[in-house]
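K.L.:
Respectively, the protein sequence lines represent chains S, F, B and C.
Oh and the first sequence: position 106 is 106 in our numbering, straight run, nothing missing.
Oh and the second sequence: position 79 is 79 in our numbering, straight run, nothing missing.
Oh and the third sequence: position 99 is 99 in our numbering, straight run, nothing missing.
Oh and the fourth sequence: position 230 is 230 in our numbering, straight run, nothing missing.
Hints are computed from structural coordinates only; laboratory data are not their basis.
Cβ coordinates follow ideal geometry from the N, Cα and C atoms, glycine included.
Misleading hints may appear alongside valid ones.
[To be verified] If you only want the chain F side, here are some residues facing chain S, beta carbon under 10 Å, derived:
#, residue
1, 19
2, 21
3, 22
4, 35
5, 37
6, 88
7, 100
8, 124
9, 162
10, 175
11, 180
12, 181
13, 190
14, 201
15, 204
[What the hints assert, rightly or not] Calculated pairs, BS3-like style, for lysine-lysine (alpha carbon to alpha carbon, straight line, at most 25 Å):
#, chain 1, residue 1, chain 2, residue 2
16, F, 130, S, 208
17, S, 208, S, 127
18, B, 62, S, 81
The chain contents come next:
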Amino acid sequence: MLIGLLFFFGQMPITVVARTDSISLKPPTNLRAMDTPNDHGKSITLFWDCPLDISNIEGFQIFREAADESLHLAGYAPVNKTEYVDQLGLRNNVEYQYSMRSINLEGVVSIFSELSPVVTAYPQWFKKNEVNILIMIIIYFGLVIYFVRIARKGKKIFLRRIPGLDALEEAVGRATEMGKPILYVPGIWPMDEIGTIAAMNILKPVAKKVAQYESRIIVPCIDPIVMNVAQQTVKEGFTEAGRPDRYNQDDVFFLTSAQFAYAAGVNGIMVREKPATNLFLGVFFAESLLLAETGNATGAIQIAGTDRVPQLPFFVAACDYCIMGEELYAASAYLSEDPRLVSSIKAQDWGKMAILISLFFGSVFSILGLRFILSWFSAG
Amino acid sequence: MSISTSIWVWMAALLTLMVYSFLYKDNPFYRLAEHIFMGLSLGYTLTILWYNYIIPRVYEPLFLPPHQWSLIFPILLGIMTFGIFSKKYSWLIKYPLAFYVGGYAGLRIPLLLQSWIIRQVEASFLTPDKFTSLMSSINAILIFAGLFATLIYFYFSKKREHGFGAAAQVGIVFIMVAFGAAFGYTVMARISLLIGRMQFLIHDWLGIM
Amino acid sequence: MRRRLPVIIAFGIGFAMLIQYFIPHPRSEEFYNVIVQQWFIIIYAFMYIFALRSFFMHHITKVKKKKEGYIFSAVAMVSVLFMLLSGLITSRGPFFDSLYNYMIAPLQGTMFSLLAFFIASAAFRAFRARNVQATLLLVTATIVMIGRVPIGDYLWRGMPDLVEWIMTVPSMAAMRGIRIGVGLGAVATAMKIMLGIERSYMGGE
Amino acid sequence: MGFWQRFLQLDRKWIFLGIAIVVIIPLIKPIGLPIKPTKPVIDLFTYIDTLGPESGPVMVVTGFDPSTMPELMPMEQALLRHCLTKGIPVISFGGLYPAYIGMAKMAIDEVSADFPDKKYGEDYVFLGFIPGVSAVILSIGIDIATTFGNDYYGTPIDSLPMLRGVKNYSDISLVVDVSGTSTPEYWLMYAQERYGVNIGVACTAVSAPAYYAFLQSGQFVGMMGGMKGAAEYEELMARKGYPTGRRNATIGMDSQSLAHLLIILLIILGNAGYFIVRRGERRRGIIRRKR
């Protein structure tokens, strides 16, 4: 029997010692190939029908050839698969042809299947399978713009009271009575994070109140952009309160860049400066408890708020008030009472209501067998 | 009892003890370790920034052929951040900030929608295949109800009366159970880390056991 | 015009990065790579120079004015330079790696493990069953903590299954709800940034 | 100040001391609290135990750094020990990211020191880090030799006797990803989904819940979650009489159990004191500010 010592030119040197004595091994049939849709090209999807008798077959070897590439092994698929996406080493706008053969446990191979029709891979300019996301973005943009416009016309928009925020004003008042500073920790994430931006939004009214009470606010920062945004925000808070003179740039400073060095540094400030009120608002990670527990030991009133879900249990358990997840975004709108911000909370609530309705009717219809609502939320 | 002889192990052990001294009280040894840690980690970040980012992605493409002259624009934007030093030109910093934060905002919208919203909703539909057994049916309904109530808890446009108040109460129950579970798991992970440090001190440093 | 231009830039680059997600074409990928892996990095690097200035100014003033604890500021500055120089001179050689493995990693690990002590003291002093919600949290935490250690299996055979049920049903439901809510909020805020409604990150007007 | 008020003011240093004692003592003198293996760990152990010297190699992928070492290093060492004891050929892959190579090297060096009779290149092989993450997983499915070229020490793959005839996933009996991150999902997507290779996972306690769904759907052959998972695996090894070396996880489990019990006790005592003090005050009419 022919011992197939298969060398090939180009990429893959393989030494396959294969005995092809058994005629029983059949290659897959009806091999079809097409360019994989919705991608940057360089990818071809193959379909085939399994041979009737697959008892002895362990998998299928996939071979590829092109004008400048001889027939060589390009892929492998286990026996239960009837589809394969070939990505490695493919080029766009080059004509390829594929052929397959079965292989069993001992390495015995079948004859080659007939060549697939010629196929070329090419990139697309639009991901058709993610059009549902694009539609959702357009609708959501529309909601945000609509609500901002009606808010600018001065229409009063109702917003539920968030308990944590009223406590914020009481806590700032308590610190000023005792003539002690307020510590505002804006989280450990850079400016591009939504939670940090919410922290900056809340910093402004807090700084304004601190200025009115002629108290002091300390804002240690971990990121360069956050630091100079905080400096600008606190300065504005103080000027709006009519006390630009009390603004001290050294109180809003860059501590360090590392998560735990920052936590250690802030702990040091709590122990040495003894602020009466600690505000932890923004994006926090494992250092959240390090801060909350030390602050607890100094006896300060602590109000925390973060959208990082894993840290919420510790803030809920260790602080006096905890603004949870999304409430942080609503808080920045509630506190600043800026119609544009309040209106965007409205857009979010509409999004939530849309999801609640889709979940309800989607489930009811899917039990009846209709899955069209489910397709809106397919991850593409 | 074979105490380690490696200077590095001794260094690590001393630093570990200096940090643990904070548990007794805030003392100079702790503050020394704190500041060494602050400095070293900042120095480390700068080295990584230099070797993994500045050199391969800024210096080489710009100064080595083929020169990518388009990099002049971000450098100009970057220089504008120095405007902050002078009172007069402090508004200059708005441009690099707008570019950086605006760019990331646009980039994150589809990714957020995909992974935080669509994937979660897609997995929450009550489809027939979830009702295979009694237990799986109860669980499927409970998950659906919990998700519903949690979403209503975070609904801000309605006062919490009649229907909404009750749903929010149910929601907070699910939320607190989820927080309790997260709490339990985090405690476990922290204790494991402490055990890891103690094993280093006892085994690698002092060589007991 | 000074106020409008930054907003236009934010919308322009934001819109380009958003649309880029839907265009798989290689040219769009190149655009993404150049902007994210080069332009953003350059701007961030300049911001870092600015942060370094603030870091050193903060500590230099402390040393100059001999403020309390100025020695530690000096130590911090020396540490930065020491690490930076050892990284650059040995171009991240074994000495640099040892500095990481035997100084930064243990310091970080020890800081992390401090949390175990703080959790214990918070368990006694801070974690109060003030109301129904906090009680639910603490009871669930206790069940999970017992269920995940060998003793739990001996208290009641079904303990591991109960913990698994808590994780895969009530906890999963609430986590999904919170993630959807936070996701919606984050998308809305990102849109406000692009539309110029959210300008606080620029320090307002 | 009643007893309970003074009790609640207990200085937190005593609590710190309590945790330290409860963790240190078992490390010096292990108690050996009984360990009862659970199903996910048994599944992983039995799957590997059925393999032998002639079956395809097991690939152990390192995916953790110093911060998650206490939980994951015992797992990797238990897996390597189990394979070497049974003579199962094992490939230790240094990981998809450069940060993990140090841990992989530490694990393989410590374990191979306990097996002097096992020869490198014949019983175990150590592959270094290759950039590309998902591309690496994909191309192992095509051909290991081309993907790696040489092993960690620079010797060409083709000249390693153990890897002769081992071309891709079809020749690998199991891939176990020891990971503190989300890389197990990459192995499911790019290795199992495409090439049908069996995947096992060894992860931290925090990320274990997320993988239960994949376990129930049968995508993972088995799972070790957190230090408890590692201790269970060590227990299964000991019950079969396999050499376990220093059972770090099992010893650690004693400390973990006692620490958990102490924290639960502290929560109960703290709240008991809190309620007793508050009831006392309500009786004496002192309106205490809602703290």
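K.L.:
Take the hints in turn and mark each one as holding or not.
P.N.:
Checked hints:
no., hint, in the structure
1, 19, "holds (8 Å)"
2, 21, "violated (12 Å)"
3, 22, "holds (8 Å)"
4, 35, "holds (8 Å)"
5, 37, "holds (5 Å)"
6, 88, "violated (15 Å)"
7, 100, "holds (7 Å)"
8, 124, "holds (6 Å)"
9, 162, "violated (15 Å)"
10, 175, "holds (8 Å)"
11, 180, "holds (7 Å)"
12, 181, "holds (9 Å)"
13, 190, "holds (8 Å)"
14, 201, "violated (19 Å)"
15, 204, "violated (21 Å)"
16, F:130 / S:208, "violated (54 Å)"
17, S:208 / S:127, "violated (48 Å)"
18, B:62 / S:81, "violated (68 Å)"
Against the hints set out earlier in the document, violations occur for numbers 2, 6, 9, 14, 15, 16, 17, 18.
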